[in-house]
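Undergrad: Sequence order for the protein chains is A and B.
Counting from 7, one number per residue, gives the positions in the first sequence under this note's numbering.
Counting from 950, one number per residue, gives the positions in the second sequence under this note's numbering.
One should not assume that every hint holds.
Claimed, not checked - Below are the DSSO-like pairs computed for lysine-lysine, each with C-alpha atoms no more than 27 Å apart in a straight line: (1) A:Lys510 <-> A:Lys19; (2) B:Lys984 <-> A:Lys217; (3) A:Lys656 <-> B:Lys1058; (4) A:Lys340 <-> B:Lys975; (5) B:Lys975 <-> A:Lys457; (6) A:Lys575 <-> B:Lys1086; (7) B:Lys971 <-> A:Lys456; (8) B:Lys971 <-> B:Lys1019; (9) B:Lys971 <-> A:Lys196; (10) B:Lys1019 <-> A:Lys456; (11) B:Lys1086 <-> A:Lys453; (12) A:Lys198 <-> A:Lys146; (13) A:Lys340 <-> B:Lys1058.
Quick caveat, the hints were computed from the structure, so don't treat them as lab data.
For reference, the chains in residue letters:
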Amino acid sequence: MRNEPRVTEELVKEHGLTEEEYDKIKLILGRDPNYTELGILSVMWSEHCSYKSSKVFLQDLPTEGEHIIQGPGENAGIVDIGDGLAIVFKMESHNHPSFIEPYQGAATGVGGILRDIFTMGARPVASLNSLRFGAFDHPKTRYLLNGVVAGIAGYGNCMGVPTVGGEVYFNACYNGNILVNVFTLGLIKKEKIFKGVAYGPGNPVIYVGSKTGRDGIHGATMASEEFDEKSSERRPTVQVGDPFTEKLLLEACLEVMDTDHVVGIQDMGAAGLTCSSCEMASRAGTGIEMDLSMVPKREEGMTPYELMLSESQERMLLVVKKGREREVTEIFEKWDLDVSIVGKVTDDGMLRVIDDGVTVVEIPAKILAEESPVYIRPKERPQYLSKTEKFSTDKIPEAGNHGEVLIKLLGSPNIASQEWVYRQYDHMVRTNTVVLPGSDAAVIRVKGTKKGIALTVDCNSRYAYLDPYLGGMIAVAESSRNLVCSGAKPLAITDCLNYGNPEKPDIMWQFDQSTKGLSEACKRFNTPVVGGNVSFYNETRGEGIHPTPTVAMVGLITDIGLHMTQWFKRDGDQVVLLGKNCGELGGTEYLAAIHGQEEGPPPRLELDLEISVQDTCLEAIQEGMIMSAHDCSEGGIAVALAECCFSGPKSCHGVAVNISGDNMRGDCLLFGESQSRIIVSLYEDRLDDLRKIAERNNTPLSVIGRVGGDRLVINDLIDCPVTRLEQAWRRGIEERL
Amino acid sequence: MKFGVIVFPGSNCDHDCYHVVKHVFKQDAEFVWHKESRLASYDCLILPGGFSYGDYLRPGAIGKFSPIMKEVRRFASDGGLILGICNGFQVLLETDLLPGAMMRNRSLKFICKDLYLRLEEDDTPFTNRGRVGDMLKMPIAHFDGNYFVDDKTLQELEENHQILFRYCDHNGDVTTDANPNGAMRNIAGICNRERNIMGMMPHPERCSESILGNEDGRLIFESIIDAGVVLR
C-alpha cells in the first residue's frame, strides 16, 4: 500500500463533505473510508453528480409521453420520430471550467455532450449552445467570448458535427460566472439503442480512448462550489480536449455498436472512471471490479486516487460479451485507440478497485450512484422582488425619436446579428442544415425520409429574475413558438437549470418557482423533459447570476418541403399579426438597453392564447398558406418586423404597417414584449383561408400591412430605410469587439 | 462512373461526398480506408474535407504519410481524376500533387459562410460544364485557406491556366473585400498542369441539392461525370 494521506476531519472538510455526510458514510461502510474512497465518495456525492439539492424539486417535471422512449436517468433522452428512427439529445452546462479557462472549458463541454449522445449508439448530427457573458464592456467579457466561441468551434468543427444555432446574451449578472450550455442531438435506429449498464457477471469491462492523466481531478467538486479570489488557481481542474481522438472514438464506438458484442457502454465525464463504473453497475444491479494496473496512463506514478478521479477526456467504458474481447479490441485498434480490459462485472454489487494486488476501494456501487444524501433546502422569496415589482411605466420617459431607439436596439449586443459567433462554427457539415443559423429555429433534414427536425434553445433570464415562475413558463413557450414558426410540431425538451448557491433560501426559491413554471408549461405544450442538468453555485463572492432555466426544444417537421423561415419573401405580400399587443414594458430589452433598468413584472403569458396562436400558425404553415413566420421576442414587434425585412439570405424587403394597442404609448407599442405574437406574411388570396383557421382556433388576427419598398414604416412612429436598420444590426457585435 | 472517397482518420466530409455522388448523382461510390495499400479501380478519387489527423502539426501534413497516398500518387500519374476539397486540398498541397501551401486565415478565425466564386477556366474535367466568368455561390468552412505560393510558381499557375476559381463579390468582381482568408490573388481552387487533379477550398458537396437552397456545386460533379464518360 502506498503512503496515502490519513483521513482527518480537515481532509473530509476539504473534500466538501459535511459532518453529517461523513457520519453517514461511516455508517454505510461500517468503517472509516480510506483516502481514495473519500475522494470517490466526495465526488459522487457532490452537488454536480448527485443532484442532492435539486432532486426533490425535479420530481414534478413531466417526463413521459407516447413518443418518449427514454426519459431522464440515462446519458441522454430519446424520442421516437417514426420511420424506425429516434432522436437522442441532451444539454449540459460547462460553466465553471469555461470561466476559468474559456477555450478548453467550452471545448470539453462540447466533447462531453457529444459522448453522451454517441454512447447511446446515436450518430450526433447537430449541436446548439446557449452562452451568457457579463456586460459587454466588462474587462473580461471579450476574452471570455473569444475563448468560448473558439473552443466550441475548435472541438465541434473537428468532430464534423454542425453547430446549427444557439443564443448569446450579455448581462452584468454574469460578470463573475458565465454560462456555457451545450446541446447535441443524434439520430439512432430504434432497435439499436445502447445504455450504460453492466449486465452479466463475468463479462469483461473494457476501457477505450485517451490515456488517463492528472487533468480535471475534482472538476465536479469545483462545479459544486462558489467562486472566490482564488478560483483561477483551479485551472488544473479544467480538462484539456483532444477532438481528434474523440472523432476516432466516435467512429470506432459506432462501428463496435454495429456488432452484437456490446452489453453496455458509458462515457467517462464528470468523476471519470468512478462515475462510469458505479453508474453502470448500479443500473444493472451488479458490481464492477477493476485492476488499475490495466488502465492506460499518461504518466507514471499515478495514485489510485488520481486514476479514479481524473476527468481526462475522450474515454469510454464498455461491458462486452465474454468471449468477444478480441473482436471488440480489433475494431478499436483499427482506429489507433488505446484499449484495455480493465476488469469484469461481478455479482456482489460492489465497486472494487485493485491496485498492485491490493484492494483499495470497496464501496457498494448503488450507494455511490443513487443513495447520496437528499436535501430539501429552505426557500424564501427574495427581497429584491418587492422593489422590482413596484415598477411603473409612467416613470419611464418616452424617447422622442423611435427610429433612433430602434436602431440602437438593433445594434445592442442581445439583439444584434450573431453572425460573428456562428460564422466560426461549421454549421453545414453533414449537409443536412436546411435552415442555417439566423432564423427562429434551425432545421435539419433527416436523410432517407421526408422529415425534418427543428431545434431551438431559449431563455430570457431577465424575466426569470423578475418572476421565476413566469420566466420558466416563458422559456418553454417561446421555444415552442420558435419551433412552430419553423413549421415543426414540438416534441420534447432538455434543460440546463443554472442558478446561484442553493444553500441560500432565496436561490432555492428561484429554483423551485422556475422549475414549477417550466413544469406547468411543458405539461400544457405536451413537451416532456427527457433530460438535462442542474448547475448550482454560479456565484462569485456572494453575487449570484439571474436564475437561468435554459430550455432546448426539439420538434418534428413531417414534410421538410414545408419548413418555414422568418424573413419576408415577396413584395406585395400581406403582413398579419397573430396575437395582440399589450404593451408591457417590464423586463424588456428596451428598458434595459435604453433606460438601464431591470425592473417590473415580465410580460404576461396566457397559455390558452399562446397555444391558440401557435396552433393557427402551424396549421397555416402545414397547409402551405404562408410565406414567412417570425415570433416577437426581445425588442418587441418593431425589432421583429425589422428582422423580417433584412435577416434573409437574399435581398431585403421593406414593409409598411399599422399596428394598434389601446391608447398605448409609442414605446410600449413598439418595444413592449407581449407574449404570444407571431408575424406572418402571405399572398393576399390566402388571407381568407388564414382567417378561417384563426377563427376556428379563436386566435386574434389583424392584417397590419404589406411587404414592399425599401423602408420600415410603422404607424407614424417609425419611418426608416431598411439598409440603415440592417447595418446597425449586422455590425452590432463586431463593432464592439 | 466509379468514385472512391478516401477516409483519413479525422475526415468528416467523407459521408457528405459519398452521399452526393452516390445518392444525388447516382454513381458508384466506395469509401477507401487510409490504411489500404492497394486501390481498386476507380475513375475518380475524392479527398474529402475534415481534420485529417486533427490538423495537428499542419492541416494535411500527417495525412500525406498515410499508406494509401502512395497509391493515390500512382493513380494521379496514370491520369486518374482526383478532387481534393478543403482538407483534401490541403493534403494534396502537402503531398506536392498540387503546388503551394495553406496558411491560417487572415482573421485568425475559422470561417463558415456562403460566398461567390468566379470560374476562371472551363477546359478541365472539373469545370467543363461552366463558362469562364460564371459566378457560383458556394460555402467555405476552414481555418487554413490562405493560399500561398512563391512568385515563380504563381506566374506558372497563371500562364498555364491552372487557377480555376477565385473568390469574388456578388457582382462577379475579384476584389480584396471579397477575399475571405487572404489567399493570394483570391485563389480558391487550382489544378495541376496535367489538369487531372483539382484542389478547392469551397465545398461543392454542400450545395448540390435544392433542399439545401443552392445547387451551384452540381457543376463540379456534373463536369466530372461528363469527363468520365469521355474518358471511357
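Undergrad: Against the structure shown, which of the earlier numbered hints fail to hold, in ascending order?
TA: 4, 10, 12 and 13
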